[in-house]
Amino acid sequence: MRYESPESVEGAVALLANGAAAARVLGGGTDLLVQLRAGLVEPDLVVDIKNIRETRQITLEQGGFRVGAAVSGAELGEHAALKQAWPGVVEAVELIGSTQIQGRASMGGNLCNASPAADSVPALIAADAVCTIAGPGGRREVAVEKICTGPGRTSLAKGEFLVSFFLPERAAHCADAYLRFIPRTEMDIAVVGAGVNLSLDASGQCTAARIALGAVAPTAILVPEAGAALIGTALDDASLDAMASAASAACHPIDDKRGTVAYRVKVAGVMARRAAVIARDRARSR
Amino acid sequence: MSKTKSHVATNVNGNAVEFLCEPQQTLLDVLRDELDLTGSKEGCSSGDCGACSVILDGRLVCACLVLAVETNGHRIETIEGMAEGDSLHPLQQKFLEHSALQCGICTPGFLIAAKALLDIDPDPTETQVRYWLAGNLCRCTGYDKIVRAVLDAAAEMRAN
Chain B
1 MRYESPESVE GAVALLANGA AAARVLGGGT DLLVQLRAGL VEPDLVVDIK
51 NIRETRQITL EQGGFRVGAA VSGAELGEHA ALKQAWPGVV EAVELIGSTQ
101 IQGRASMGGN LCNASPAADS VPALIAADAV CTIAGPGGRR EVAVEKICTG
151 PGRTSLAKGE FLVSFFLPER AAHCADAYLR FIPRTEMDIA VVGAGVNLSL
201 DASGQCTAAR IALGAVAPTA ILVPEAGAAL IGTALDDASL DAMASAASAA
251 CHPIDDKRGT VAYRVKVAGV MARRAAVIAR DRARSR
Chain S
1001 MSKTKSHVAT NVNGNAVEFL CEPQQTLLDV LRDELDLTGS KEGCSSGDCG
1051 ACSVILDGRL VCACLVLAVE TNGHRIETIE GMAEGDSLHP LQQKFLEHSA
1101 LQCGICTPGF LIAAKALLDI DPDPTETQVR YWLAGNLCRC TGYDKIVRAV
1151 LDAAAEMRAN
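Going down the list, the protein sequences come from chains B and S.
Just so we're aligned: the first sequence equals residues 1 to 286 in the working numbering.
Just so we're aligned: the second sequence equals residues 1001 to 1160 in the working numbering.
This is chain S alone, in the form it adopts within the complex (with noise of 0.2 Å):
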């Protein structure tokens, strides 16, 4: 079997990114073992645990169900790139205050679906908050302490 490796230029987090990747690769193997972007994490590489979740072009999705290739002229943001240097994101810094994880594993996919709702929704129901997470599993916190940091996150960045 020939494998020929694509060139993909790409813009992640703000800055233009090139790499070079096998068609088989996904966004996922792409960021974690060529760019080591390794903040987004694989749990079940399968779409179901939300645990690779990035946005590209305004979308939140799984980063293990997108082809590297296919990101060719795209916009991706990962957890990296949320924080702005030391300062953390209203969100990293509510999930702290409200001890919003345990093993760590699933937040980074946690902390950048919600970023995606509060991108385009800044005052969501707690019903809401729980449809939108629904494809992010945690297996340790449970999801109470979640949604409260993301509602209470919501509050402070309307507020300011």
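Chain B extracted, bound-state conformation (with noise of 0.2 Å):
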């Protein structure tokens, strides 16, 4: 194996495009070396992005903010500005692991992992982000609900690796929110995870809703109808238990140790409704 940390994007690129080598992109490492060690991957090239100045930075941009792939959680958690404009997202990369964990981990790497319960994923759907793509033939422009394909697989080609993230700028009365259930309160893996992010207008009526799950499928996934259950209504009971029936309708879990199919498909609904009602008073009080 040979590790490279060159301090460019073009660099990066160049090295991970070139050639036969299995390459596999190095950010925080919290999963990457387990996986090392456990022997799952055997890579000839580990290229570390973290010397590259745009994969460490948080920048306003547009309004809204550019958050490198690998930005360690705990840099995301101490960044006020970030946390005030998007809260769920920033609650939801900081449920990630102890804080050894989140000295390191990035949501490039959450995302890039393509674990269907990895925790910032839903948050990120939700919020509605694009990820940069740097490649070979130069850059692209991918939501976040496009990178997974399938549990540990991604759409992103050989030579290709994720530069940052956009969340873009937040208006008034909007606000997104994060929940996962898991048995206890710290350090678990999620059974269920929910991202909404919600618009309301002056008068309080829902204008946009995104809800995304996590841990209910192959990969984490957003769910329209349960977004349009909440959108043009008050938020009301009703529209929040339509929402959650629309939200365990599109579950296909696995069952497993954490959870059978039917509870997940149960809490899901559950969770996006918690959620809801978090994001919906956050978007009241500004």
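Watch out, some of these pointers could steer you wrong.
[As the list claims (entries may be wrong)] When the alpha-carbon atoms are kept at most 30 Å apart in a straight line, the in silico DSSO-like pairs for lysine-lysine are as follows:
| # | chain 1 | residue 1 | chain 2 | residue 2 |
| --- | --- | --- | --- | --- |
| 1 | B | Lys50 | B | Lys146 |
| 2 | B | Lys146 | B | Lys83 |
| 3 | B | Lys50 | B | Lys158 |
| 4 | B | Lys50 | S | Lys1005 |
| 5 | B | Lys158 | S | Lys1005 |
| 6 | B | Lys266 | B | Lys146 |
[To be verified] One-sided excerpt, in silico: chain S residues whose CB lies under 7 Å from chain B:
| # | residue |
| --- | --- |
| 7 | Gly1058 |
| 8 | Leu1060 |
| 9 | Ala1134 |
Don't read these hints as lab results, they were simulated from the structure.
Here the structure is a predicted model, which is why all the values come from computation and not from measurement.
Built from N, CA and C at the ideal position, the CB exists for glycine as well.
Now that you have both chains on their own, put them together as the hints suggest.
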């Protein structure tokens, strides 16, 4: 195994695109190093992207935020303006692992590791976040929900890597929230995760709603029917119930030690509803 | 497979340290096997137990989840740098006074993790201490004595 730490996006692409070598991108390493140790991956080349400035920065852009793919959870959690604008995204990232994991783990790694239960992914999908992917053909912009294609698999082509995320500007009366269910309060993998992002008008009517679920399908999923159940409503109990039913109906989870199919389907609606109430209350207060 | 050793220049506990390592070696491997700093323990090697906790550029991390080559140009604090000569750090002293250890394998990780907390927050609540230390596992003492020792050390450090 060879280790490289290029200082430019182009340098990283050249390394990743070059030759037949099996290459892995190293962000915070909290998944990759475990996989290396377990022998689950045996790359010829590891490309550390943390010495590329763009992957380590949080910058303002068009009123929104550009977040580098390798920014750590701890750094995100300390960014007051980002937390204010996108509390759901930040609270989702902060649920990942321990203090030690937060010191390294990144949104880019959480997405590209492509676990169906990744906490930040439903929140990013709900937020309508867009990825900037660099590759041999230049750069392209891709919605977060287009990245994962199955457990451990992404739509990134050879030579490509995720450089950054863009989180758009927030208008008044908009807010997001993320909740996950685990059987305890810390240090576990989501049984179900739910990200909700709501926009309200001045009268409190819902004008836009994006609901995304984790751990209930091979990838995190956007559930347009759940969002549609809220749009045009005052986010009253009846519309929240309809949204929860639509969320449950979109699930096709597995049975495993963390939860049965029936349990996950039920809990997905419950978590989506609770997250929607949090997002609604946040949106009303700003 | 070709294995080329990399030259890495770091700062460990305030001292410039250089070493050669293979790309797949973790920081924990190098601390223990190359630098003879065996205070950081190997528990799970998957980032779950916190026994290998070190502070990297001011951030608490698991040394088992960092490649040693990644630390080129960076600052590392380990348990070996915590006491000043024979003078224990207040956290170490309070762990002794509260009997906050039995077998001791988890202790260096708990001490470094607690130090990282008190470095940024000299007055944490019990709940904050418990959440902060959620990534450090102890299989014999239980956590109450550890949490009490951390809170007591914090109080003493604030008083001084």
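Status of each hint after checking the structure:
| no. | hint | verdict |
| --- | --- | --- |
| 1 | B:Lys50 <-> B:Lys146 | 24 Å, holds |
| 2 | B:Lys146 <-> B:Lys83 | 25 Å, holds |
| 3 | B:Lys50 <-> B:Lys158 | 19 Å, holds |
| 4 | B:Lys50 <-> S:Lys1005 | 20 Å, holds |
| 5 | B:Lys158 <-> S:Lys1005 | 27 Å, holds |
| 6 | B:Lys266 <-> B:Lys146 | 26 Å, holds |
| 7 | Gly1058 | 9 Å, violated |
| 8 | Leu1060 | 5 Å, holds |
| 9 | Ala1134 | 4 Å, holds |
Taken one by one, the earlier hints fail for this structure only at number 7.
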